[in-house]
Structures are given as structure tokens and as C-alpha cells.
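> Sequence:
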Amino acid sequence: MKKLIGLILVICFILISMMLPKEKQAFSATYVTHATHAPHEKSIDQHMKFVQAITYQQLLFHAGKITKEYVKPPKQWGLSVDGVKQRLDTDDRVIALTFDACGSETGNGIDQDLIDFLIAHDISATLFFNKRWIDHNKDEFIQIASNDQFQIENHGTHHKPLSVNGQQAYGINGTSSPQEVIAEVMENYQTIYQLTGIKSRYFRSGTAHYDEVSVSLLQSLGMEVVNFDINGDAGATYSANQVKQSLLQAQPGSIAIMHMNQPDSGTAEGVKMAVPLLQKKGFHFVKLEEYPIIE
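Counting in UniProt numbering, the sequence shown runs from 1 upward without gaps.
Quick caveat, the hints were computed from the structure, so don't treat them as lab data. A quick note: this is a predicted structure, and the numbers were derived from the prediction, not measured. By construction, the Cβ of each residue, glycine as well, lies at the ideal position given by its N, Cα and C atoms. It is possible that part of the hints are untrue.
Straight-line alpha carbon distances no greater than 25 Å define the calculated DMTMM-like cross-link-like pairs of lysine to aspartate or glutamate that follow [claimed, not checked]:
{"hint": "1", "residue 1": "Lys272", "residue 2": "Glu140"}
{"hint": "2", "residue 1": "Lys287", "residue 2": "Asp89"}
{"hint": "3", "residue 1": "Lys199", "residue 2": "Asp89"}
{"hint": "4", "residue 1": "Lys281", "residue 2": "Asp229"}
{"hint": "5", "residue 1": "Lys280", "residue 2": "Asp229"}
{"hint": "6", "residue 1": "Lys138", "residue 2": "Asp264"}
{"hint": "7", "residue 1": "Lys287", "residue 2": "Asp116"}
Taking CB as the label site, the calculated pair distances span [unchecked claim]:
{"hint": "8", "residue 1": "His121", "residue 2": "Pro263", "range": "14 to 24 Å"}
{"hint": "9", "residue 1": "Ser220", "residue 2": "Pro73", "range": "17 to 27 Å"}
{"hint": "10", "residue 1": "Glu69", "residue 2": "Gln112", "range": "38 to 48 Å"}
{"hint": "11", "residue 1": "Gln112", "residue 2": "Asn241", "range": "18 to 28 Å"}
{"hint": "12", "residue 1": "Gln251", "residue 2": "Glu289", "range": "12 to 22 Å"}
{"hint": "13", "residue 1": "Ser239", "residue 2": "Lys280", "range": "15 to 25 Å"}
{"hint": "14", "residue 1": "Gln242", "residue 2": "Tyr170", "range": "16 to 26 Å"}
{"hint": "15", "residue 1": "Ile119", "residue 2": "Pro73", "range": "41 to 51 Å"}
{"hint": "16", "residue 1": "Gln149", "residue 2": "Arg93", "range": "18 to 28 Å"}
{"hint": "17", "residue 1": "Glu295", "residue 2": "Pro73", "range": "21 to 31 Å"}
{"hint": "18", "residue 1": "Asp148", "residue 2": "Asp92", "range": "13 to 23 Å"}
Please put together the full structure from these sequences, using the hints given.
Below is the structure:
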């Protein structure tokens, strides 16, 4: 029976591929085209049920996306490898505040004080959600995602560094193959889409570490990997004053990373102190989607 089901799934994939233009039969065009590629949105919606039916490893295999290009040994590892975007491409006095929601036994909290402040003061922000956090806070996630003040993006499925050969960051094992890279990204992409209808464009990995091969693979799927040029709260370990001082280092086009899943941290108070000071300097707060992003 399992073999029969597997055969049916393969046949379904082949039939779907045959329905697409030849140049668009690759995995990227069918499954992860985003809002900026409007002509393919219908294809995504039509095939979403099929995507749910099999694993992303199977999808990747049948789509033929594992090539020598993506199994070669990487040469770079870290926060700022080739292809990772770190700031907005503008001289405007704007800052993109980004907040990660990481999940885990000690990371499933909600910094409601922070969220309430951003809403009350009409501060736009981009929020990167991990699947573990979403699963633990589903109702709250849906409510936050319904607020147009916030841009919703992808922080991975298991909060792993993104690697094609299992490299580590801060003692955390990264993904170990191109297949696992895709699963780490796409399982959460699917979760966000199912709950909100949002097709996330940007990705930030757990620990924000990557190799350049993984980044290139995501780019081939139409995604941008976005880190930061300001470490706003050092993994939610900074005091409120340290958060404030970090944010005050902002330059036009800066992207700041902070966390919204640690309500006992100094993040909320630090943001509250920094925002009016930055506004006095003429800065405005924007979402990532409002400007091109560069390395």
C-alpha cells in the first residue's frame, strides 16, 4: 500500500509539472513564488494541498533541485556570508526594527508590553516567527499577523542554523543537507501561509548563521535571507539601557534585530527609551518590504 501511495504521489507531481510552462517546472516557480510575482499566485494556491501531502524532501527530489551546485562544500560560515542582506538600500532617515519569536521550552513567551507599545505609537516593524513559537501561540500569532502595522516573515521550523553540512553555531547543530535546508524553511512557510494567507518573502535562520551554499539555494527559490547591522538586544540578554544604546547607533537604512519572545528581558523598556530619541533625530520606522535590502 505504501508503494502504491508513493507511486500515486509521484504521478500527481509529474502531472502538475506538465501543466506548467516548461521553464517554470522547477520547484521554485511552483511552490515558493511570492506576492511580488503575481502571475504565479494562482499556481501556488492550486497546488498547496499537494504540497501538504508529501514531505519537502520528496518535493525537492522529484523537482530535481539537488544539483552539484548545492552539494558542493561551502567555503563560508557566519552572520554575513555572501548573499545575506543586512541593511536597507537608502539614505533616508529610516530604521527597520525586526523582532524574532524563536520558540522552545524557554522561548515561547510573548513580550506583550513590547507589542502594545509598538501598536500604541504606530511603530512599524517586521516580525520573524519560528514554527515552534507559532504552534505554542497560534491564536496570538493570528491576531498579530492581522495587524498591517507588522510585516510577517519566516524564522524557520526548528530554529536551526542554515547549513548544507551540519555546521554549528552557539552549540546548536545546523541543518545537514540541502533537503534539510528546504524543510527548515518551507515547513514554516507553509504554516504561516495556512494560518494567515501570507506568502513570506524573507527568511532569518535560528542563530542567524548560514553558509553561502544554503543562501544561494534559498535565492534560487525566490527568497531573501535578511540579517541586520544592529544587534539590538544580543539574544534578549541586554539590559534596557544596553538596548537603548545599541539602537541609538542606527544609521539611515539600518536593520536592528531584537526579540519579542522574552517578556522578562530588557528589550521592551530599551525600545521605549530609544524610539522617542531616534524620532527626535528625524528617524522613521519602516517595514523591510518598504525598501530594497542590500548586503
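> Among the hints numbered above, which are violated by the structure, and what are their numbers in rising order?
none
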